[in-house]
Amino acid sequence: MRSSRTMTLPVTTSTSGGLPWRHILLAALGVLVVAFAFSANGYVVTVIGFAAIYALFCTGLNFFMGFTGQASFGQNAFAALGGYGSAILTADYGFEPAIALILTMAFSGVVALVVGYPTLRLRGHYLAMATFALGLITYEISINWTDVTQGYMGYSGIPPLGIGPYYADTPKQQLAVILILLALGVLAAAALKNSRFGRACRAIAGSELAAGALGIPVARYKLVSFVIAALYASAAGSLFAHFVGFISPEVFGTAMVVQSFTMLYLGGIGTIAGPLIGAVVVSLLPELMRGLKDYQTIGYLVILLGILIYAPKGVAGLLDRLLPKREG
Amino acid sequence: MAMLAIQGITKRFGGLVANDDVTFQVEKGEIFAVIGPNGAGKTTLFNMIAGTFPPSEGKVMFDGAAISGRPVAQIAQAGLVRTYQLVQLFKALTVAENVMVGFHRVTTGGVFSALLRPPAMRRQEREIAAKTAEILDFVGLSHRANVTADLLPYGEQRLLEVARALAASPKLLLLDEPAAGLNTEETAELARVVRKVNENGVTIMLIEHDMGLVMQIAHRIAVLDYGRKIAEGTPDEIRVHPDVIAAYLGGTEGYDD
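One line per chain: the protein sequences are X and H, in this order. Quick note on the working numbering: the first sequence kicks off at 49 and runs consecutively. Quick note on the working numbering: the second sequence kicks off at 27 and runs consecutively.
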C-alpha cells in the first residue's frame, strides 16, 4: 500500500493538533465587527443587523445545500412566510413578537414538509426549478393577496422585538437580540453537523447510492434538512420584519435568493463559518466602496470576482488552506 | 444453516437472459467467490442479492429470510452490506467520518438528540469514535484518519470502503470486484485485510476478475458463463475443471493464476 505517490499526502489537517488558529481568528473578527457596530452610528447598526439576519438565513440554506448537497432557489418563500406571519400576528392580533416568531416558524416548518415531500423527489436542475417556482409563487401571493399583505404598499407598524414587558426599543438593543439568536442558530447548526444525523446528511451529498446501502433513509433525511433550512429562513424573515418595522413583497423577492447565494459561495458553502463570513463581507463591501462613488458597484463586483476566482471554496476554504500549515 | 441461499435465480432484460437458473449457497463464516468471463452475469447477480433490482424468477434467502424484491436500505438494515465496483466514498468527509457514517445501521438518534446532546448520545459518539479508530487501525488507515477521503490514493479508497462497510457490522459482506484497478502491492494488502475480516467472523462473498486473488483467499468458488453456473467447488477443483478452462480459454480473458 505504500506506493510513492502516497508520500506527498497530508497526514493531518486543521482538525488535529495545535491551537485552533482558525477559530481564534474568526472569533476575533466577529468580536471586531460586533464592537464596531455597537460603537458606531445608526446606519452601521442597520447594515450589520441586516448582515446578521442574512447570516441566519444562510446558515439554514447552507444546511440544505452545503451539507445535504441539494439545491433550493426558493428559500425566500419561507422568509416571506416568517416576515408576513410575524407582522400580521403582532401588528393585527397583538401577539408577543417572541410567540409570533415561534408560531410562524412552526407554520413554515409544516409548509416545508408538505411542499418538500413531492418536490424533493426531483434532483439537480429539476429541484432547483421547482424550488425557484415556490419562491415566485409566494412573491405573487404577497403582491396580490392585498387583504392580508397590503400588496405593493407593504406592511408597516410592526412592533420591535421583545417578550413580556421587555422590548428592544433602540436599534442597538435589537441588534443585540438578533446576534444572540444568530449565535444560537450557528451553535445548533454546528451541533447538527457533527452528529449521526448531520453525518448522514453529508453522506447523502457524497453518494446517495452508498448512503442508502448503509441503511440511511435518503428521502426522509433530505426532507428533514429542507425543513431545517425553512425554519432558519422563517426566523430570519420574522427578525427582519421586527428590525425594520416594515416589509413589502420586494424584501423577500428573487434578489434575496441571489444575495444569499453570493454570500454562501463567497463565504464557503458546506462550512459553519462560511455563511457568517459571506453575510458580513457581502453586506459591508458595498458600504466600504462608497468612496468610489459612481464606480461603487464595479469595485464591489471586481472584489467579488477576485475572491471567487482565487478562493473557489470561499473565504472559509481559503482559511483552511492557509492556516493548518502554521500549526505544525 | 446457509448465510445466503440463491435459489433458481433468473434475470431477463427483454430478450437477454443475464442469469439463467443460478443456484448456490454461501455458508456461514466462509469466503465465497463468484468468477466468470466478462458478461457472464456476475454483477447482475450481485445487484439482485443487494436489492438494486428484483430477480425475474427464483429467490434470495438471507439468514433464513427471503429478501428478494426488498429495497436496498432495508436489506442493508438486515445486515447485508455491499461495496461498489466504482468506489462510492463520501469524498467531502474525512476518512474517519466516512467510517462513522458506516455505524448508522447500528446506532440511533436524530435531530433532537443532536441538538440536546443527552448523555446517552454523547456516550454513543465516544463509542463510535473509539470503534472507528479500531477499524482504521484494522485496515491500516489510522494515519489518514483526518484526511479528506478524495485525497486518498485508489488502493486506500478501496480499503476505506471496506472499513466503512465493516462499521455497519455486516453478517454478510458483498465485495464487488474489490481488486479492480489495484496494483500488485495494493491487491496483496487488500487480500490480507479481507482474510482478517473473515477471521473475525464475517461471511464474505465477492465477485472478482483477479484470479490470483480469488485462488488465494476464497474457500469456495462458483463459476458463471453466459449467465449459467458451470462449476462450483474449492480453488483446487476449479483450477482443473474442464468447463472452466474451456470458458476462460474460449473467452477474451486469459486464465493467469
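Hints may be right or wrong, so weigh each one.
[Said to hold, decoys possible] Pairs of lysine-lysine, DSS-like flavour, derived with a Cα cap of 30 angstroms:
hint : chain 1 : residue 1 : chain 2 : residue 2
1    : X       : K241      : H       : K85
2    : X       : K361      : H       : K117
3    : X       : K361      : X       : K220
4    : H       : K54       : H       : K157
5    : H       : K85       : H       : K157
6    : H       : K197      : H       : K54
7    : H       : K85       : H       : K197
8    : H       : K117      : X       : K241
9    : X       : K241      : X       : K361
Source of the hints: derived by calculation from the structure; they are not laboratory data. All values reported here derive from a predicted model rather than from experimental measurement.
Taking 30 angstroms as the top limit, are the C-alpha atoms of K361 (chain X) and K220 (chain X) close enough?
Judged against 30 angstroms, a Cα distance of about 33 angstroms means the pair is violated.
Can you confirm whether the C-alpha distance between K54 (chain H) and K157 (chain H) stays at or below 30 angstroms?
holds, 24 angstroms
Could you grab the alpha-carbon distance between K361 (chain X) and K117 (chain H) and see if it respects the 30 angstroms cut-off?
holds, 15 angstroms
With a cut-off of 30 angstroms on the C-alpha distance, tell me whether K85 (chain H) and K197 (chain H) pass.
It holds: about 19 angstroms lies between the C-alpha atoms, which stays within 30 angstroms.
If you draw a straight line from the CA of K85 (chain H) to the CA of K157 (chain H), is it 30 angstroms or shorter?
violated, 35 angstroms
Quickly compare the C-alpha distance for K241 (chain X) and K361 (chain X) to 30 angstroms and report which way the hint goes.
holds, 18 angstroms
Hint consistency between K117 (chain H) and K241 (chain X) [alpha-carbon to alpha-carbon, up to 30 angstroms]
holds, 16 angstroms
Under the criterion that the straight-line Cα-Cα distance not exceed 30 angstroms, is the pair K197 (chain H), K54 (chain H) satisfied?
holds, 9 angstroms
Holds or violated: K241 (chain X) with K85 (chain H), Cα cutoff 30 angstroms?
Violated, at about 41 angstroms.
The structure shown violates the earlier hints numbered 1, 3 and 5.
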